[in-house]
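Asker: Sequence:
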Amino acid sequence: MPLVRREFLRLSSAAAIATVVPSLATAQAYPVRPARIIVGFGPGGAADILARLIAQRATERLGQPFIVENRPGAGTNIAAEAVAKAVPDGYTLLLINPAAATNATLYEKLNFNFIRDIAPVASIASGPLAMLVNPSFPAKTVPEFIAYAKANPGKINMASAGAGSPPHVAGELFKMMTGVEMLHVPYRGGDSPALADLIGGQVQVYFGTLLSSIEHVRAGTLRALAVTTAMRSDALPDIPTVNEFVPGYEATLWNGLGAPRGTPSGIIEKLNNEINAALADSVIKSRIAELGSNVLSGSPADFGKLISEETEKWAKVIRAANIKLD
Numbered sequence: 256m257p258l259v260r261r262e263f264l265r266l267s268s269a270a271a272i273a274t275v276v277p278s279l280a281t282a283q284a285y286p287v288r289p290a291r292i293i294v295g296f297g298p299g300g301a302a303d304i305l306a307r308l309i310a311q312r313a314t315e316r317l318g319q320p321f322i323v324e325n326r327p328g329a330g331t332n333i334a335a336e337a338v339a340k341a342v343p344d345g346y347t348l349l350l351i352n353p354a355a356a357t358n359a360t361l362y363e364k365l366n367f368n369f370i371r372d373i374a375p376v377a378s379i380a381s382g383p384l385a386m387l388v389n390p391s392f393p394a395k396t397v398p399e400f401i402a403y404a405k406a407n408p409g410k411i412n413m414a415s416a417g418a419g420s421p422p423h424v425a426g427e428l429f430k431m432m433t434g435v436e437m438l439h440v441p442y443r444g445g446d447s448p449a450l451a452d453l454i455g456g457q458v459q460v461y462f463g464t465l466l467s468s469i470e471h472v473r474a475g476t477l478r479a480l481a482v483t484t485a486m487r488s489d490a491l492p493d494i495p496t497v498n499e500f501v502p503g504y505e506a507t508l509w510n511g512l513g514a515p516r517g518t519p520s521g522i523i524e525k526l527n528n529e530i531n532a533a534l535a536d537s538v539i540k541s542r543i544a545e546l547g548s549n550v551l552s553g554s555p556a557d558f559g560k561l562i563s564e565e566t567e568k569w570a571k572v573i574r575a576a577n578i579k580l581d
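Each residue of the sequence shown is one higher than the one before, starting from 256 at the first, in my numbering.
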């Protein structure tokens, strides 16, 4: 081997080692001060509760406070931009949910690119929406709903939590895959206003979260025709999936943690290991189940793959349905 080539390889190896060693040292010391988990929603919702569960466990296991900071607004873009532009040192983290996947298409001008600027750290949980109707609605199953909708075009109002929200895109995917007509009626303020009007009979169907709707289903004030995940929900095991009647249909709510791109890989790996350890705890599993979700553990690469696939999937739905922001 020529001397110059040997020297080049030696220097390259030395440089690589020099890069890795500080990263490992940084990861071993991390954290040495409080860290923030920024949530793009107000306090009290499922995303906020999940963030606080993880923050509490990270605080206990890593010896420094992990503080949840709520920054609602602009469909979670305010929170995402804050993290995308933060110093990539592991002390500013983001609670990620499906809005990350839909906002990339819904918003024409963003000051960041989510997939480019946010590094996936760990997935946390996933769960379904429920296809909900008023108990007085004629259909008691998904096939009956489809038949009724096709026989009564223009008579079904579909509530949502706003244009491009998970309930909206789940409903639009249902429309695309079944060929039914439903008039979109957007609400502001989360699930509550839509559920109130569904119970009151002003709208006929809503793809709502289990957290807000499950007690109504159990009390009989709402009927769940199906859940939207590929598999049945442990929280409502007797309720079928939409997929059982509309093969290939799936709309999943998921959450995870991200960090600014450029955060040392050792820190990301350390956080991933700690989060997966927390998710294996029976208390955490039980609390996540109470939210109508299941634990979703995995590597940063697994979570990154999920985000990319969901971004591509919902981009197609948003464009096909010509969804525009309110």
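Treat the hints as calculated values from the structure; they're not laboratory data. There may be inaccurate statements among the hints.
Claimed, not checked - Only pairs whose alpha carbons sit at most 30 Å apart, straight line, appear in this in silico DSBU-like list of lysine-lysine: (1) K364 with K410; (2) K364 with K395; (3) K405 with K430; (4) K405 with K525; (5) K430 with K571; (6) K560 with K571; (7) K568 with K364; (8) K560 with K430; (9) K540 with K364; (10) K525 with K430; (11) K579 with K430; (12) K364 with K579; (13) K410 with K540; (14) K540 with K525; (15) K571 with K364; (16) K405 with K560; (17) K540 with K568; (18) K395 with K430; (19) K405 with K540; (20) K405 with K579; (21) K560 with K579; (22) K579 with K568; (23) K340 with K579; (24) K410 with K579; (25) K571 with K410; (26) K560 with K525; (27) K540 with K571; (28) K560 with K410; (29) K364 with K525; (30) K525 with K340; (31) K405 with K395; (32) K340 with K364; (33) K410 with K395.
None of these values were measured; they are calculated from a predicted model.
Asker: Could you run down the list of hints and mark each one as holding or not?
Answerer: Each hint, compared with the structure:
no.	hint	result
1	K364 with K410	violated (36 Å)
2	K364 with K395	violated (43 Å)
3	K405 with K430	holds (11 Å)
4	K405 with K525	violated (53 Å)
5	K430 with K571	holds (14 Å)
6	K560 with K571	holds (17 Å)
7	K568 with K364	holds (20 Å)
8	K560 with K430	holds (26 Å)
9	K540 with K364	violated (38 Å)
10	K525 with K430	violated (43 Å)
11	K579 with K430	holds (17 Å)
12	K364 with K579	holds (13 Å)
13	K410 with K540	violated (41 Å)
14	K540 with K525	holds (21 Å)
15	K571 with K364	holds (18 Å)
16	K405 with K560	violated (37 Å)
17	K540 with K568	holds (28 Å)
18	K395 with K430	holds (18 Å)
19	K405 with K540	violated (41 Å)
20	K405 with K579	holds (25 Å)
21	K560 with K579	holds (26 Å)
22	K579 with K568	holds (17 Å)
23	K340 with K579	holds (27 Å)
24	K410 with K579	holds (23 Å)
25	K571 with K410	holds (26 Å)
26	K560 with K525	holds (19 Å)
27	K540 with K571	violated (33 Å)
28	K560 with K410	violated (39 Å)
29	K364 with K525	violated (34 Å)
30	K525 with K340	holds (22 Å)
31	K405 with K395	holds (15 Å)
32	K340 with K364	holds (16 Å)
33	K410 with K395	holds (17 Å)
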